[in-house]
Every structure is written in C-alpha cells, then in structure tokens.
Amino acid sequence: MLTTAPSSASAPPAPVLGLSVLALLVVGVAGWLWAERPDPDPDPDPDRTGVTTEAPGAVPAELAGFRSDAWFLPDDARLGFVEVPAGPFVMGNDPGTDAMAFANERWSAAQAQGLVDLPAFYIGRYEVTVAQFDAFARDTGFTADLQARQAPPDHPVSSVSWPDALAYCRWLDRVLRQSSESPPELRRLLEAGWRVTLPTEAQWEKAARSADGRVYPWGGTPRRDRANYSGPGTAPVGSAPCPECPFGLSDMSGNVWEWTRSPYQPYPFTAADDLDRLGDDALWVMRGGSFTDSERNVRTAVRGGADPGARRPFIGFRVVIAPRN
Amino acid sequence: MKTLNAVTTGNTYAGPTCSPGCGNDYTWLRARRPDGPLAPSRPVRYKQAGLSMSAARPRRPKPGRQHGPPQPQTHAATTPAVSWRPLWIPAALALLLLALSFVPRVAGNPVLVGSFWAASAGLLAWLAVLVVSTRRHAKGRALEVVLRPQHYLQATVQVAVFVYWGYFWRPVYDHAWLLVAQLLFAYAFDMLLAWSRREHYTLGFGPFPIIFSTNLFLWFRDDWFYLQFLMVAAGFLGKELVRWQRDGRATHIFNPSAFSLGLFSLMLIATGTTDLTWGQDIASTLTLAPRIYLFLFLIGLVVMYFFSITLVAGSAAIVLFGSSALYSAVTGVPYFIDSEIPSAVFLGLHLLVTDPSTSPRTPIGKALFGMLYGLGVFVLYALLGVLGLPTFYDKLLCVPLLNLSAQWIDRVAASLGGTGAIGDRARWGGTWSPARANLVHITVWVLFFGAMTALGATDSRHRGDTVPFWEQACAEDRPLACQRLIQIETNYCGDNAGWACNELGRHYTTGGIVAPAIDEALAYFGQACELRFQAGCVNLLGGGTRSADPRALDLRLLLREAGPNLLEMPEPALYARACDHGWTFAC
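Respectively, the protein sequence lines represent chains A and B. Under my numbering, the first residue of the first sequence is numbered 16, with each subsequent residue one higher. Under my numbering, the first residue of the second sequence is numbered 834, with each subsequent residue one higher.
Next comes chain A alone, as it looks inside the complex (with noise of 0.2 Å):
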C-alpha cells in the first residue's frame, strides 16, 4: 500500500538521547580501555601481591627452615651458600667401563675422563624455591609462567626458562649487595668482584661428586631414599636426607634438572669456548636429572642440553656465588 510522505510532525526527534548514548559509550569504552592499559610502572611495587597470593603456591608469611625477612633463603649463617674449596675433580665418564654411562659424558676420544682444577666458590644447599622465586617477582614485578609457583613454597621452582632464572641471579646478586640482612661474608665477597649466577657445569659436578669421582652423591649405586627420582612430582627442597652427600648438599640428584650456564659443547670441558659458536642455535646444559628420571639420568656425570627458552615443570636451578671469569 503506497502511502504519502509523512508530514514535518513526524521528522525525527531531536538526537539528545541518542548523543547521550554515544558520549556514554566513548567515557565508558576509553574508561575501559585505561584500566585495560599494560602496567606503566614495571618497577617494583612492594605493595604488589596479587599475582601470587591468589595462587596455589601462595607464600605464608613464615616458612619453616628459610628466612622470610632474607628474601625466604635457607636460615643459616650464610643463607644457604656452601662453600666449595679450590682444588682438582675428576669430570666426565666412561661409557666403555660403565653401563650406565652416554656418550657424551666421556672427555675424549684419548680420555675417558678429565680432570679439571676450579677456584673455590659457594654454591646454594637447596634448589631455588617456589618461595624465593615469588619473592624476587614480587619485588620486580617479574611475569613468570603461571607453573612457575603453582608448587607449594618449599617445593623447588620449575617451568623457568634459563633466562628466567638469570634474571633470579641478577636479582639477588642486587639484594644481596645492598641489604644489611646479607652475612658479612657473602658482602665480602659480592664486595671483592663475585657474583651471584649460575653454575658453570665444572662447577655443578664438582659440587654433586666432590674430588672423588662418585656416580651419584651419596656413593656408586643408586638409592631412592637419597633423592627424589622416578616420582610423581617435585619435593620440598631437602626433604631426602642425605649424610653422605658431599658438602652437606641436597637434591643434586632428582627433583628437577638444575640449569647451568655453560653452553651445550663437546667434552673436553673449558669455559674459554663458551664464545665460540655464537652464531649456532643454542642449547645449555642442565644437570642432576628430575623427578620424572630413571636413576641412569640422575647420576652425577649426567648432561642434559634444552632450548633456553624451555619452560617445563621438571627444569628448576640453583645458584652459586663465584668470582667473574
């Protein structure tokens, strides 16, 4: 049915309601948008507690055996840090006199194993944990994977990639120089030119079988009561005894692999060739084996290599303090 145009009585109303409805949405979608905006403000936010205190692994305020005025590091007279005396370790293995042995654990073609001389250093008793991971992302505002500290506090971080846990390194390297909860010994040192890092893969295998060339920590054959290996999941860090263990360190055997910061080479080991392939494609070596390992890959001379930026539930790592090469 044609019908006539409508008469001026009908033209439309005037747009109040409708511009008021476009204002409304502009002031509420940039109000949005601002609170949607990425953090200005990186830098460290005491006050910042939402990220981990929603989560399973949220940190109590106190933690038996850890110091949570010390950034939660073991309480002891050097929160943690063990000294390991300069001297010669035996490194490497004989895959033609040990069943167990890789391939890649023998030193050379001429040599089934090496012996490499290192300064002292001090390196951590414990794997680094959940607790000390959430209180340097806590401090920095460090994003880390949602794994990272879903554990319980005492239970070892993992799912850190290995720039993940240099930047843990730099972090306390930092809080340790400047805060007066430091032993005095540790500023000394950190004062004469040490760092706090990672261990070089010497370093870690000098720590787990000390000069006496052992397969395991603990002595020749493998014990689960000793570590935590071909198991469903991490552990508190030192909650396997272990008396014989050289040095009074826990866990170098199981609960997770421990980056190192050597790069993934042919033995013979020397720190002088880390520079050489930096052109390759990278992979680092881990140490120690995990949880998820049989006892072949939880024996001292065991090398692993993953990709740097490899975040998984079974890679943690733990520090040393050293001098700077």
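Don't read these hints as lab results, they were simulated from the structure. Do not take every clue at face value.
Stretch-level coverage of chain B by chain A, calculated; a stretch enters the list once three of its residues show a Cβ under 8 Å from a Cβ in chain A [stated by the list, open to error]:
(1) 1059-1066
(2) 1089-1100
(3) 1154-1166
(4) 1364-1371
Derived contacts from chain B toward chain A, CB cut-off under 8 Å, selection only [said to hold, decoys possible]:
(5) Leu1070
(6) Gly1071
(7) Leu1074
(8) Thr1104
(9) Leu1374
(10) Asp1413
(11) Gly1415
Because the structure is a prediction, the values reported are computed rather than measured. Cβ atoms here follow ideal geometry from the backbone N, Cα and C, with glycine treated the same way.
Assemble the complex: chain A is given as a structure, and chain B must be docked to it using the hints.
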C-alpha cells in the same frame, strides 16, 4: 541529496544516506539531471504491507549532464506502509548472532561467546523497549528495500581485498565468522536506531561497506571483541546522530567507518592499548600478498569508473608520492620504511577517504580533499613516530577532520573557481561531460600509477626494506635513520628474529643510538636467548655486546621485508637473496 530512491520525509531528512565509499558522484550527477530522476533510480515499490522494494542499477553517467552543487530534493516521494512485521527482522538477526556463538571459531573463546551473548541481549532488550513504545502509540514500522550499487559494488570490492589478502595471511579467513557477526549486529543496530527515531528504515547493502571498511583497518583481538561491537555501534550512532545541514538538507558529517575508526584510534592511543587490536598486524601484512599495489589499483579502477572517486584518491596518492620523493631527495633516505606509499595507506585512499557524501562535491574541492588527506597522512606518520606511537594510525586519524572540513573545502574551491589557473574549470574537466571528465581523470591516474611502478614505487623492492640500508644510513647520521633502524629491528624482534632482539639489546647497552637502558637491554638479550640466538645468551650472562651474523631462521624473517613468506625457501636461495639485499656475510 544522496540518492533519489531514498525515502524522504520532506526537505529536512532523507533517511539513511551513505556509507563509506558509497560512491556518489554518480548518484549526485543523476540527481542533477535537469529533467528529474533517472528511471532506474526510481524505487519500484511493491504493494506489500510494511515493505517496499526498489532496485537501482549502476549506470554510466551520460554525456551532457551539468556540474554544480546538488539541490535539495523537492519532489514528492511515497513511503511504504507501516506494520508490525518488520520488527521480526532485528529479532531474527539478534537470534542469529546468538546462534553464531555456537560456531567452533567463536565457542572456543569464552570472552567471544560472552561478547556475542551480550550483543544479542542488548539488541533484544532494545527491541523489547521499541515494541512496547510502538504499541503504546499504536504505530508499526515500515521497511523499504533499496539496493544501491554504491553499496554492493563497494562491498564486492572490499570482499575481493579480504579474499586476496587472507589467502596470504590466514588470520583474515579466521576472522570471517566475526565479520558475519558484525554484519548481523550492524543490520539489527541500524534498524533499531532508525525505528527508534522514525517509522521508516531503508534496507539495502549499506552496512556491508561500513563493516568491511572498518575491518580492513582495525579489529579487536578475541579477548576484547566486545569492543568491536561497540565500535560498530559508534559508527552507526555517528551516522544517524551527528549531522549537519548541507546543500539544504540534513546529512551525516562523518564517514561512519572513519568516524568509529578515528574515535577508537584516539582512545587506543590515549590509553596505550593498541595491543588489544590487530591494527599493527593488519597494517603490516597487506604486503604479504604479492603485487598488492597492482591488485588495489585494479580494483580501485572499478570504483573509480562507477563512482568517480579518482580526483580524491589520485590527488592523495600524488601528494604522498611527491612528498616522499622530495623527502628522499633531500635526506637520502626513504620517508616510509617499506614503500613510497604504505600499502595500507594505498588501500585507505581508495576505500576509506572516498565517500562522496562526506567529502567535497566540486572537482576542485575533491582534489583539495585528497591532497589534504595525503598531507595529513604524511605529517601524522612523522608525528606519531616522534611521539613513539604506532604509525599505522596515520591513515585513520585525519579522515574525520577532513569530513568536518568538507563544506569549508567546497567554499574554498568555489572561491578558487573564479580566479586564476587553479580555478580554470577547463583544467579540471569542467567543460567536459562528467563521464568524459571521469575517464580523463582515470587516464591520468593510470599514467601516474604506471610511472610510479616504473620508478619502483609500488610492488618493486624498496630500498628502505633492508636492515643493512638503515644500518648504513644510521652510521652516516641520516635524518631519522637511527630511529627507523630501531623501529624495524623492534618489528623483526617482535616477529621472533633472535638476531634483531640481540641487536636491540646491544643498542640499549651501548647507548650509541638510543638512550642506554640496561633493563631494556637485558629484556632484549633475554628474548634473543629464548629464541636460541647464542650471542643473546652470552650477552645476558656477561653484560656484553657481542654480535653474530643472522642465522638462516633469522634471515627468513629479516628478508621477508613485508613481502613473501620465506620459511620454505632453500638455504642457497635464501643466502643469495640476503646477499642481494646487502647482507655482505651471505655473499
């Protein structure tokens, strides 16, 4: 006046008029025909309660028509009858939108699902209010179907761009369902908005070019997709409500898609939330499609032929190309990094800025309008870069301002019309028939594009593409060269080229070309390291500034240069290409 088949309600309002690129020199010329509307433009109305239908076919403008400002439409028009039946349509559209939330592409993301449900609920609630209101006044609503060529031809061209671009950048195809959802939302929103203000709604392809044009430049990521619906709503609200009197009748001021794009661009810039959108990716991935300039040029010819947008697009391109060439001649470095005219800008000057209903009507005014767009993009690109903001907003921000200046530009053009060489209408084809003038303009444009192509300014390799070029230019202290070097290395690092991340870390460590920032440096070294670029790991360990040649994987990214996908190129060919692009280590 927009078109003769629009529903009219006296002289003050003519219903929904135009959408982006609705191309209306043609309809305007028809309207200027002395003896009244052309036969094909007259809506064929079907005697059906609440509905009428018309079909307007594109026709070439005939010789002999006069140029001049459009006159108010004064002829009496008929309107379709009102009834309750049309109100089912927005309900159906809202329910369809709801149903789309069950499509796997949408159902996989809870935020997307929530966005779809919220949009549907909003539309249905609005419809309920409208139904109550209309029943109270015992009035129905009327729907008239008018299929305007400026809408469906424009939409066809835009779909062609999506199809071609998406073939080489798959996120476009992944976005298809979301485009459909926006269309459903747009139709329902437009109907409800129109029926909330009057009895009649003109149904056609109008929302298609608005949605497509918006999505050719900006869309929100899935987790923030509800903002996309709000952006669409803003465009339609702007079209319906922000109006002025022009040539004796009320018409919208802003190109709807440009209005919402401009508005949201400002908000995204102000809040630093560009990362919530695909804007940067959209702007940089058009060139993944081979011969994209030629493709855009060819489809642009279709629009130019039917809708006479050549003066706007051509003058914008000429100004941009001329400005770039001048800058390059003076400084020795290209102005834009990867081309003389960025491909997204080239797309914009064909499909975003050329809506005749929101641009000047006179030939000189159109040319001025295009020139101002070109200058605007040129200036904004530098300004945004200096402010450290994403430069892809350059083509979006100036369009609303130009829309706002359209009448002023026409007045300037009119004042120029009587004086001097500029005003010599013969030079603009003023003494020719519109069709002939349009063909002349197209011919000039074709020749110009040919010249640009011959000079290597379109699909050819661009010297600003290569990192070695900018490294050298930076070393020679050319203007802005170091800033551009940082910019392109940042882009490549974002593409996961470990080499580029390491170079950025080195720059922020040494402080040679940027202010030293150790935290930034460590973050870039860390990123390089996680991408398995060994030098990055070593620098992270020791705070050094070691460098290494790009790996093959890096070269596949660095040599893409916003061009073809090189991931499967054999290494010998890859290194040959690297050598050809200035990477001496690869020779």
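- In ascending order, which of the hints set out earlier in this document are inconsistent with the structure? 3, 10, 11
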